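A.B. asks: Residue numbers (the numbering used here), protein chains in the order written: chain H, 1 to 457; chain S, 1001 to 1457.
Hints listed in this document are in silico derivations from the structure and should not be mistaken for laboratory results.
Since we're looking at a predicted model, the values are computed, not measured.
There could be a bad hint or two in this list.
[Stated by the list, open to error] Computed, partial: chain H to chain S, Cβ under 7 Å:
| id | residue |
| --- | --- |
| 1 | Leu27 |
| 2 | Val311 |
| 3 | Arg319 |
| 4 | Pro325 |
| 5 | Ser328 |
| 6 | Val335 |
| 7 | Leu342 |
| 8 | Gly345 |
| 9 | Glu348 |
| 10 | Val419 |
We put the CB at the ideal spot given by N, CA and C, even for glycine.
Listed below, chain by chain, are the residues.
There are 2 protein chains.
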Amino acid sequence: MSKNDTSPPFRIALAGLGVVGGGVAKLLHRNRDLIAARAGRAIVITDIAARDQAKAMGMLAEHSLDPSRPPRYWSDATEMVARADIDGVIEVIGGAGGIALAVAEQTLRRGLPFVTANKALLATHGVALAQLAEQHHTAIGCEAAVAGGIPIIKALREGLVANRITSVIGILNGTCNYILSAMRSRGIDFPEILKEAQNLGYAESDPSFDIDGTDSAHKLCLLAAMAFGMAPNLNALAVEGIRNLTKLDCQYAEELGFRLKLLGLAERAAPGGASDDGISLRVLPALVPENMPIASVDGVLNAVLVRGDEVGMSFYQGRGAGAEPTASAVLSDVVDFARLGLVNGGLESARPLFGVRVAELNHPPIIPPQDYVGAWYLRLTVRDQPGVIADIASALRDHGVSLETVTQHRHHPGESVPVVLTTHPCREGQMRGVVTAVSALPAMTAKPQLLRILGDA
Amino acid sequence: MSKNDTSPPFRIALAGLGVVGGGVAKLLHRNRDLIAARAGRAIVITDIAARDQAKAMGMLAEHSLDPSRPPRYWSDATEMVARADIDGVIEVIGGAGGIALAVAEQTLRRGLPFVTANKALLATHGVALAQLAEQHHTAIGCEAAVAGGIPIIKALREGLVANRITSVIGILNGTCNYILSAMRSRGIDFPEILKEAQNLGYAESDPSFDIDGTDSAHKLCLLAAMAFGMAPNLNALAVEGIRNLTKLDCQYAEELGFRLKLLGLAERAAPGGASDDGISLRVLPALVPENMPIASVDGVLNAVLVRGDEVGMSFYQGRGAGAEPTASAVLSDVVDFARLGLVNGGLESARPLFGVRVAELNHPPIIPPQDYVGAWYLRLTVRDQPGVIADIASALRDHGVSLETVTQHRHHPGESVPVVLTTHPCREGQMRGVVTAVSALPAMTAKPQLLRILGDA
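Chain H extracted, bound-state conformation (with noise of 0.2 Å):
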């Protein structure tokens, strides 16, 4: 008799039954059988916590969940969860604080692990809720917090586990990486895509949370817990989004080799910077070398690149948000703590939240972004007029700045003309104040465009 015959089921309190908690039912049923032998247990959700009972049984029923054991409905999630005879708790009502963080301590009390989606919640208040779970003897799981369709919480946490980590590379917002793989191949501004993206449903009426790297942030957060074990600090984060990016930097990325992506970038000791053990925290768009495997990652998709210091370079890819991968990365979790629960006290051997417990977090020294070293792009736009390739180099000779490429294509003459610049690696300061004077010509006739471009070492 195999032993998913004879374990008793992992019953599931799932709070929440939107897009993802609909999906994760739906996922659960469709494959109940091979998950439960993969998990050696049957998994059930055994009690519901959502704002409208009648719209909540009628996505359960459209899902086919078993019709003669339905789920206890709770209208109130904290309650549910305090009260229901389950063995654990999936979250995916989202927020960073209110019901979800709620649910979280109460499950986390009761002793029970819990699974999330919710990068907003851990990333704000992920410290607390890992010292909750030592304390309770249990385990969150986040699979699904980033990057669903890549188990890369999984490969960082377990996978690498024997490895110092020194950078984490994402493109980790797929609407952000839609719209700029959009902008390259098909030559078309930022504003008009992002009116595109929010018809096809990609990107959201008030876009803000996608464009302007929040989601992001959210998300490399994480990743850099884990990978560094520290603790999450949004604070820490230096985030610049896509808003300001036009057509013609990602032409002249292309033109000069790179393509143009917003990325999430956790790095040790940033290459060449005055700290050697600091951290280098960022959301930015930046120039990616096109033979980088994560230059090529186009649409919705989402990447990471991660490198270590025994295993070298590994690349990850795969879908980011979305019903679909996020509910199998929630699964993965519940699978994991099911297993775990087959044997008394299991859940005691689960990973930290962080890879390691709340009292070995590091706080490594946070590298100010105009200490970051690296090489760069200038895009300015300048009336051309006698002198003004002259007042350009002499405002990044003053700072010490050394050109790599300059491109300027051919024009009528008295237009107003944008000079292409990339130079060697310096600091971000410097470039800062070369910025801030070639401003101040009188030839400039636009804001210049600062870009990383980033090694590829």
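Please build the complex by placing chain S on the supplied structure of chain H, with the hints as guidance.
C.D. replies: For chain S alone, kept in the frame of chain H given last:
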């Protein structure tokens, strides 16, 4: 007080101290604090078996293991595993049977977790060892057996656990990928590059294990077993290597928008195939569309493309063989078991070797090569004389094969000339029929080259 101050160390016996064994000892020493924090306890090699004691002790000294606590030396690995006071065993002796098998059996019979990089052992004796692990409530770790630099076993068995896997496609042998990359980028033919790879240490002096596809076959066998929950079956695999590929094929592939790669392919119900639930298992050189991420994987790297029914496509790339990635993977398994071992009976909750218990392994029908349906590349070498193309076209028509493209470059009249055809999807059996028919044509001056074109769907 943190857990790893109070938990007993996890004591490892290391069987074998060659390149990989030395790498494990070195990595465990270098990152010991980090690994201890993440494992929740110290991990210590307390016992070592190797043929030559002086050499072993020299190597350990060189890797600067703590000289105050030297591991105990055993000349007989099976005796060590039977008698040493340990919590787990790492086997890096190698070989599909012999001492490695005896060490595995002895370890599992003692109820201890067994970690190995030995793909040949598991592809051959995996089911019996998995059974033994179940009987003795312990576990087998083999992340290092396939693509050590990529946590692909963890991705398949854990990260994608909620998915019905539909295909696994891998570049699993760095030697072959190095050779094919160089043939393409430098336009050099196989024998010359092989010699170079041997000089660089990328290929063995007897290279057949790599270049004839055997190594890839072992790895694919394990990946397929985990993806589909089936017993590994080396006999079910149709294996072709890269010996017969020429730089001409690399050049034509590129001209047609493909890259030539040696792939391991495990696919459910080959596209358009007769069977609806069979599995196709192949190692073979194939033309990969250049827009697929796996096409850009060059040099000695490994890569795996997985398709799941919920998650869609996910892609993994990293280093394959070599001491460092293998040591990293070995220690990821060790940390898994060290954590599970924190709890009494915790190893019970470890994953079964092939994802499900032996009693629940599937026995899917294997689709024979001739029934595989796909598109094809056929390179013919013909004497340019009247009627040749008509004869070839007749052979295709007679076997019901529909052409997609024909390429014949300018040449001197009367010379032998390559004619390269690509087809629309058809059964491999049809194409073999075409090859037999055209081989009999008097104008054919060399053996036809038939290669699969990988679909990008």
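A.B. asks: Each hint needs a verdict: does it hold in this structure or not?
C.D. replies: We went through each hint and held it up to the structure:
1. Leu27: Because about 5 Å separates Leu27 (chain H) from the closest Cβ in chain S, which is inside the 7 Å limit, the hint holds.
2. Val311: Because about 4 Å separates Val311 (chain H) from the closest Cβ in chain S, which is inside the 7 Å limit, the hint holds.
3. Arg319: OK, holds: Arg319 (chain H) within 7 Å of chain S, min 5 Å.
4. Pro325: Holds, about 5 Å.
5. Ser328: holds, 4 Å
6. Val335: holds, 5 Å
7. Leu342: With a closest approach of 5 Å, the Leu342 (chain H) hint holds.
8. Gly345: It holds, given that the least Cβ distance between Gly345 (chain H) and chain S is near 5 Å, below 7 Å.
9. Glu348: holds, 5 Å
10. Val419: Result: violated, 32 Å to nearest chain S Cβ.
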